[in-house]
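One letter stands for each residue in the lines below.
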Amino acid sequence: MIASLIEGVPHRALALLGALLVALVAAPLVAGDYLLTVLILILYFAYIGQAWNIMMGFAGQLSLGHALYVGLGAYTAASLYVHFGIGPWLGLLVAVPVAALAGAFIGFLAFRFRVAGVYFAILTIAVAEFARVGFDHLSWTSGSSGLFLPVAQFTHNDLWQLRGHPVMFYYILLAATVFAFIFCRALLQSRVGYFWRAIREDEEAARSAGIDVFHYKMIAVVISAAMTSFAGVIYAFYYNNLFPEQVFHISRSIEIILGPIVGGIGTLFGPILGAVVLTGLAETLTAALAAAGIDLPGAKQVFYGVCLLLVITTLPDGVWPWVCKRIGLAERNK
Amino acid sequence: MSALLSINGVSKRFRGLVAVDRVSFEVPEGGVFAVIGPNGAGKTTLFNMIAGVFPPDGGSIIFAGERIDGLPPDRICRRGIGRTFQIVRPFPALSVEDNVIVGALLHRKRVGAARAHAHDVLRRLDLYDKRAQRASALTLPDRKRLEVARALASDPKLLLLDEVMAGLRPTEMDRIVAILRELNRETGLTILLIEHVMRAVMALASRILVLHHGAAIAEGLPEQVMRDRAVIDSYLGVEAIA
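Going down the list, the protein sequences come from chains A and B. Residue numbers for the first sequence, in my numbering: 1 to 334. Residue numbers for the second sequence, in my numbering: 1 to 242.
Rather than coming from a laboratory, the hints here were simulated on the basis of the structure. Careful, some of the hints might be misleading.
Think about it this way: if two alpha-carbon atoms lie no more than 25 angstroms apart in a straight line, the pair counts; the simulated SDA-like pairs of lysine to any residue are [unchecked claim]: (1) Lys109/B x Val9/A; (2) Lys130/B x Arg252/A; (3) Lys157/B x Ala113/B; (4) Lys300/A x Arg252/A; (5) Lys130/B x Gly8/A.
Residues from chain A shown here face chain B by an in silico Cβ test under 8 angstroms; the list is partial [claimed, not checked]: (6) His156; (7) Ala186; (8) Gln189; (9) Arg191; (10) Phe195; (11) Arg197; (12) Ala198; (13) Asp202; (14) Arg207; (15) Asp212.
Being a predicted model, the structure only gives us computed values, none of them experimental. Every residue gets a Cβ at the ideal spot worked out from N, C-alpha and C, and that includes glycine.
Please work from the sequences and hints to get the whole structure.
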């Protein structure tokens with residue numbers, strides 16, 4: 001099993017991966033509180049980026065509404081906790097199927113009736129917006145006034161109830177990101193992965209090669225939605241407050257997809273590298289503007305936009321394929 | 001020889017235009033059957049109905065004893081009909097090998113077994129040395145053979161070739177003709193080809209059907225069809241002038 005996982009991976013790449021993992025495991029020992037929250041953000045976006053990449057990068061289906069799955073995961077687990085005292089891990093057993101069902105619903109509507117390309121993207125936005133407005137009026141989750149989880153003192157970490165210090169969340173997200181990376185690699189190299197890439201490249205040709213396109217696109221949406229909802233559960237218990245206007249907002253969906261796009265769509269390292277680059281960039285800009293004494297509203301967003309524009313115009317395939325060429329690693333899984 | 005594919009009075013209309021008009025013929029198992037005719041004769045429409053791109057308006061298509069008209073393309077492929085596209089459509093960002101593995105995975109669960117089968121097919125199609133290249137980097141003749149390889153990897157009983165010779169130079173054409181003849185002879189693969197290039201048709205086909213304005217005007221052995229008055233008037237003569 002383990003032998004098949006590392007089969008075909010160059011020794012240099014394995015060594016690099018090992019070093020990276022050791023560094024990430026050791027990071028909380030040296031990182032201060034501020035750096036830790038930045039690292040948590042990076043892992044959060046790396047994980048969701050990986051999940052989104054299954055749909056877009058592997059199967060070629062553009063979702064602009066992934067905030068929907070984050071929100072459903074977050075709200076389901078948080079409501080169960082607030083109303084019934086059901087812990088997050090048991091809550092996952094409900095939250096993940098709820099998000100998977102929502103993904104299946106969108107997928108069924110779109111793929112059965114051949115809604116493709118930008119129209120599919122619009123459908124994903126529409127459902128996420130529908131959820132945002134719906135949750136605004138859902139009294140069970142306190143509507144637009146927000147759902148709050150009881151905040152605990154960080155006296156001890158309760159892993160079972162997800163109450164505790166950010167370090168605990170850091171390690172949970174690190175484990176999730178490592179899992180997502182390995183899982184995505186296995187998917188990409190499996191029969192399903194080949195069929196997804198065929199569909200991404202040319203749906204008609206894939207259909208003529210005997211691939212049940214509907215079936216495999218559904219698998220992609222359901223897996224992606226289910227994975228994303230886990231991040232939503234962690235989000236709820238990390239921030240302890242949920243507002244429909246924030247969680248389901250389209251800007252959240254856009255935030256999710258920027259990482260994989262900047263890092264390299266369809267690659268395994270793209271979502272991770274993209275999360276590092278973007279979160280790092282945002283934090284650096286904040287620090288740089290503060291140091292320069294610039295206190296203009298929106299200044300950070302303008303600089304952020306300019307940097308993003310530069311990255312995307314100079315490296316349209318993403319940062320990771322460019323890094324691969326530089327360090328002499330062949331990007332095989334494209 | 002029994003019929004692997006039989007087309008019975010198949011018709012297709014596009015708005016007012018009758019593209020294919022009650023065409024019937026049988027492709028014998030193990031044969032190489034060619035459909036020829038001038039541009040607009042309805043060849044590609046006929047081909048698309050067999051491949052499941054759209055259903056016929058009338059008539060039936062029977063493959064290996066079962067009706068297949070109206071089935072979607074993926075189910076038709078899984079029944080054992082592989083096809084190529086007139087304008088080639090390999091998966092551009094995938095390697096040559098991965099393109100063929102996709103075909104081979106249709107009836108194989110494991111990627112390893114599919115890869116081994118893909119290598120066999122690539123050797124047959126003279127593409128083994130180029131297996132690591134991206135499909136988009138190939139020349140047109142190579143891409144044409146890649147299309148045949150991908151279709152072949154799914155172990156079809158019947159291979160549908162849509163103008164696979166179009167745009168090829170004579171030497172490239174001879175190469176692909178030789179490969180197809182060998183495939184037909186060694187594996188007993190049945191081939192149905194739609195073709196404009198008479199040189200390739202005469203070298204390959206054991207039977208020919210001639211379409212003109214959507215209707216079958218002649219069918220038979222190649223030498224019979226070539227002497228047919230209606231065929232010379234409607235098609236061969238046209239080509240001779242051109």
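Inset, instruction - Tell me, in ascending order, the numbers of any earlier hints that this structure violates. - result: Per hint list: 2, 6 and 7 violated.
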